[in-house]
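Student: The primary structure of each chain is shown beneath.
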Amino acid sequence: MSLARRLPTFYAEGDNGGRRPSNLPLGVLGLSLVFLVPGMGAAALVEWGSSTSHEEWSLGVSALIALFLGVVLVLGTRFPSNPRPSAVFPAVVWTWLGCSVIGALPYLLSGAFSWSNWDSALFESISGFTCTGSTVMGDIEAHGRGLLMWRQITQWYGGMGMVVLAVSVLPMLGVGGLELMNAEAPGPDSDRLAPRISGTAKRLWLLYVLFTLLIGLALFLVPGVGLYDAAAHALTTASTGGFSPYSDSIGHFDSLAVELVIAGGLIVCAMSFAMHYRAFTGDFGAYRRAFDQMLFLKIIAVVTAAATLLLWLKGGSAFGLSLRDGFFNTVTLASSGGFANIRPGGLGDFAQWLPSGQILLALLMLIGGGVGSTAGGMKVFRFNIVMGHTARALQLAIRRRAVLPVKLGGRIIPERIVGRVLAFVTLFIITCGAGTLIVSALGTDPVTAASGALSAMSNMGPALGEAGPASNFTVFSRPARMVLGGLMITGRLELTAVFLGVAMIVRRGIQPLRRRR
Amino acid sequence: MSLPLEGAGALEAGRRRSPPLPVSASAWAALTCGAFALAAGFTSLGGGASVAFLIIGGVCVMAGIPASRRFPQQSDLQPARSAFAAVVSAWVTMILISTLAYLATGATSSFQDALFESVAGFTATGFTAFEDVESLPRGLLLWRASTQWMGGYASLVLLICVLPIYTPMNFIASAREGAKPVGALAGGSRLRELLGAYCALTLFCGGLYAAAGMGAFDAVTYAFTTASTGGFANHAAGLSHFGSASVEWAAVAGMAAAGVSITAVWWALRGRARALWHSFELRVYLVLMLVAVLVVWGWSGADGVTGLRHAAFSVTSAMSSTGLRLADWASWSWGLQFLLLAMIATGGMSGSAGGGFRLSRAVPALQYAYRELVIQLHPNTVHVVKLGRKSVSEGSLSFLNAFQVLLGIAVLLGAFGLALAGADLLGSVSGAISALATMGPAMGDLAPGFDAHHLGGGERGVLMGLMFLGRLMLYPVLITLWVLLPRLWRTGLEGLGNRHPEWKFLPQRGGRRL
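Protein chains in written order, with our numbering: chain A, 66 to 582; chain B, 52 to 565.
Treat the hints with care, since some could be wrong.
Unchecked claim - Across the chosen pairs, the derived CB separations fall in these ranges:
#1 B:Gly459 with A:Asp184: 26 to 36 Å
#2 A:Pro260 with B:His429: 26 to 36 Å
#3 A:Leu129 with B:Ser442: 50 to 60 Å
#4 A:Ala322 with B:Ser444: 18 to 28 Å
#5 B:Leu337 with A:Gly239: 47 to 57 Å
#6 A:Val468 with B:Thr542: 22 to 32 Å
#7 A:Asn182 with B:Leu417: 31 to 41 Å
#8 B:Asp183 with A:Gln417: 49 to 59 Å
#9 B:Gly459 with A:Met237: 42 to 52 Å
#10 A:Val468 with B:Leu417: 46 to 56 Å
To be clear, the hints were calculated from the coordinates, so they are not data collected in a lab.
The C-beta atom is built at its ideal place from N, Cα and C for all residues, glycine as well.
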């Protein structure tokens, strides 16, 4: 406790009268670090049990570091009962940064990346936690199974989110918990599944675990897929992450059944978990009411058809093959999974598709999955609102005095939310453009830079151009990778939390200077 | 051109009947085109093209005179739908006349080439479909340049006089220089002021070129394409044909001036330099341009004054969407090329004939996004978005956001279309942006070294559509296509009139029907 009191208490709220400092960011970070320990432990067990390289100590040591830091932070701080927004956003940012740094330790300790190459380890970790799935590991199979399993597990944690996990055991947070959850994935719908927000978080995580188990079981039932493969891919399918312990990813199996199971899993997990939960408890109308989630399915259907036709008629491939690869790549890009499906004779390398097909896929990346899911991107919900607003503006140009609401499936969307969504889209595009400018300034060609930035922002994984699914992100220079890592966190936290969190952190940081003056 | 005067929507009894606005706008367009065609005909007197130009000019003037007897009044503009239809039909008329002129004068035998050249001309885009420009007779060169000049003026009329009435873009010509109300087309005085300012701008460009040592003919044509931010050149090598630094500096000054709002030019003519300084957008424009020039200069690593000149040329050409080219920027570093593309997309001041998103929209759009961030931290805050000292209304912001989305959709669809037609990925995306901003050259397959004569029919079709959409600021075209054409099909031209039962359901307000 005395150590904890010496920790910087930037966000301490009020005079504590000698009690533990009330510090939300450090507390949530600590709790998240504690939650990482079982994952590291499981990966260490896999390494111990199956790998020949025996690097379990690196995972074990990382787990101990995470446990120590986490316990110190949790015991040293007190969770405020009603945190202010100025503490909520930094909490999310610190949590994600801290987890990414600690999550990079196993890569460094095991020697997968040398210490001088620390930024690559951090990139791999960020790409994991943000469910992006871009990799800078050259020869993936050369590493121990446990380390690769840790890679998969980071994505699984990031899928539903560490902050949501932390909120699920913090009933004292009250409304602040909802704000925390919204800050991590600020979907405009704050669906409450239980009277307490921690109960909602718990239910979401349980459903997430259940989906992971189901996908794993389905994969395990496919002949030729072992337990390890099934577990590894189930973790990254449920989180729509896209990491795979094989450098040729799904193409390693060259199996239609595996593709179908993973595509099915991606579609389910790229739709609102709250909606699934309602359906699970018997309210099947939840599917019908969720207009935007159904629109997501329609988008997949339309783009699959378009991609198939393009590959078949313009690309000159066989119809069956076009349909198979058109469908899988559409699903994996729409759900921001980003699994590569490079197999001999296949069309999985979409960076080699016709330019028109690639533009379709980039559009899918931009739109993203359903709100309230593990998928990334702009989200269909926002896409829908933006279109509604634009159609309204066209109407208003000739009927200026009309009062028209923006509707989503018959439901009127409040203007507040419309405004927020429009601002989000502006920020998304500007951030993406700024990222592209920096990355291309660091010596990457525009197609690779722009698609890389978009892919990072929408947590996709592979990009177009040189960084396609058959390649990896080592084509970017090291500073460019750091920029992309920043974009990944920005995209995963849906911009607001990162911008406001960083602004708060900077403001707190310079406040002492201001006071002195 | 037939004029359906009799059957046209009759206004109130006792008032003189005037043709529907789309008809009279087309007639005015034909009249202007005719005048320029006559000028082109006299320029190339004795050549083969001369007769064709004189005939076309004569017919256009004769056809245009009857319907343009009466100048469009403010009240004519009232139904927004008819004004939008008028804008579209005026442009279509001009493009068709020009296409006919190219075919009749034998500049090209291909309809596609003629149409593309006309669209590029009247949208003031720097794409050309003609392979060998230098072999064209003088009359045709003058005609090419004047299509851009007319297109530039028409777009200014659209921006200053028509659009602000119907879309809440009244901040379009902002701050002090907009103190005189924009959007008032009172008896044409506004149009005349606009024309005066535009002519002064052209004279300025032409004077600079002449002073830099250009011949009279070249000075006039290049002044036409510079002042209109068009970008057609009389020479295959563009301005580098002259090999003179002073000509290039003249072009830099001309393009920078062409990207300035025409209302600012008007105030400058009135000797109100102080008022200019109060224009927030002008300050943003100048500062951004200066910074961009310095960045490009430093980044490109070109040495000394030549490097500065090339940087200034490229930046002013991109920001004003002129599309005149000097250095082949396909050989630049990737980052610089992308920066240039970003400048093309942003564009110049909103009251100028240039293209792109425009600064006076980009600044409030950024502030709007920032405001939403602040509101999440302080939910009860009241934050007014301002452009300089002038607040921007919520309606404008809402419209602005929609406009931004529409542009995004147009770029995406255009890029998809270009890619389908066979362009590479880089070329199709950058080409869509560049065509929508009425700039011209882009990257990849559409890099400055290439020109439209290399492109296939599909690509040209998509580019033409994008140029047209971008020049007409999307709204008039979209509304004409989605709302008006289906109604016109049912009701004929009368359906555009105020009193047609088709529009009875619309809300009405004291004499002004919208």
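Student: Each hint needs a verdict: does it hold in this structure or not?
Tutor: Hints and how they fare:
In this structure the hint that Gly459 (chain B) and Asp184 (chain A) lie 26 to 36 Å apart at CB holds, the actual value being about 33 Å. A beta carbon spacing of about 29 Å between Pro260 (chain A) and His429 (chain B) agrees with the range 26 to 36 Å that was offered as a hint. At about 58 Å, the CB distance of Leu129 (chain A) to Ser442 (chain B) agrees with the hint of 50 to 60 Å. The given range of 18 to 28 Å is broken by Ala322 (chain A) and Ser444 (chain B), whose C-beta atoms sit roughly 58 Å from each other.
Restraint check, Leu337 (chain B) to Gly239 (chain A): a C-beta distance of roughly 52 Å satisfies the suggested window 47 to 57 Å. At about 27 Å, the beta-carbon gap between Val468 (chain A) and Thr542 (chain B) stays in the expected band of 22 to 32 Å. Between Asn182 (chain A) and Leu417 (chain B), the C-beta spacing of about 37 Å keeps the proposed range 31 to 41 Å intact. One distance hint, 49 to 59 Å for the beta-carbon pair Asp183 (chain B) and Gln417 (chain A), is violated here, with the actual separation near 37 Å.
For Gly459 (chain B) and Met237 (chain A), the Cβ-Cβ distance of about 44 Å falls inside the hinted range of 42 to 52 Å, so the restraint holds. About 28 Å separates the C-beta atoms of Val468 (chain A) and Leu417 (chain B), a value inconsistent with the hinted range of 46 to 56 Å.
Of the numbered hints listed earlier, those contradicted by the structure are 4, 8, 10.
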